[in-house]
Amino acid sequence: MEYKKALIIIRNKDYALDGMRSALGLAVENMYSYAHLLDTEIDKLDDNNQDRLEMLRDMEGEVYTNVQSNVDQNGLEFMSIEELGEKLREMDVIVPYGII
Amino acid sequence: MKILNVYRSQPDEKTKKLVEIVNRDRESDTFELFVDNPDYDILVEKIFAADKTICWW
Amino acid sequence: MAKSLGIFVTNPHVMHHVMGVTKAAKAKGSKVKIFFTWTATHLAKDPQFPELCKIADDVAICVDSYVNMGYSADDVPEGLKKEKMATQTQHGLIIEDYDCYLNL
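Residue numbers (the working numbering), protein chains in the order written: chain L, 932 to 1031; chain X, 81 to 137; chain A, 304 to 407.
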């Protein structure tokens, strides 16, 4: 069975944590699931959200960002907008999430 | 692979860049939802005709 | 036979689009499922929501999001079945079980 791939793109801080939660929800449903925080800086993740990130990674998902402080503060993986575009080409489902 | 790009608002430079990469070497179509009175009938026909629909902010 | 359509709603300002797309798809004989999450669960209180529940085949909301938006989990929106106050699993069902996917 081929598992689907989904990527949620988040461009608004108020939608960041829920977008990441949605990504985890799809991973639980046996999809390769990713999120990208595009130009969106978030605060330090609390323990609950850090646990969610780890669960997502356990299921081969990841949260990417092009904001260096998200990498430094929360250990997210850096991905430029050009790299994001290339990653999107591999996806079955692309979700520009919420509002900008 | 036919991609349908739907826009809820006028796409900014970041959105345009992503669309350009996703569309590269593929057939693509667009639909603007931000116009007055969008024709949802046409939108649904385009969704059914596409392999993948992306609705951008 | 018309393709089926799953709609994932994350934007709280798109009820007119949800209604327009759903009506157009139903007019073509399509099966339509809609799932609302996060701030879009406010749309469960939109005056058009009960009508949406009538014309669509399946409508669900994320109950965690709904509670986060300040509503009680016991406050079932008009037109919605209580068991459709559900989890993100509903999003997975839209992707897996429906021919076409639209996020709004």
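Treat the hints with caution; some may be incorrect.
Said to hold, decoys possible - EDC-like, lysine to aspartate or glutamate: derived pairs with alpha carbons at most 16 Å apart:
hint	chain 1	residue 1	chain 2	residue 2
1	X	Lys132	L	Glu993
2	X	Lys97	L	Glu1017
3	A	Lys334	X	Glu100
4	A	Lys326	X	Asp131
5	X	Lys126	X	Glu107
6	L	Lys935	X	Asp131
7	X	Lys97	L	Glu1013
8	A	Lys329	X	Glu125
9	A	Lys329	X	Asp131
10	X	Lys82	X	Asp131
11	X	Lys82	L	Asp1023
12	A	Lys326	X	Glu107
13	A	Lys331	X	Glu125
14	L	Lys1018	L	Asp989
15	X	Lys96	L	Glu1017
16	A	Lys306	X	Asp116
17	L	Lys935	A	Asp378
18	L	Lys936	X	Glu125
19	L	Lys935	A	Glu381
Please keep in mind that the hints were generated in silico from the structure rather than gathered at the bench.
Practice task
List, from low to high, the hint numbers that the structure doesn't satisfy.
Solution key: 1, 3, 4, 9, 12, 14, 16, 17, 18, 19
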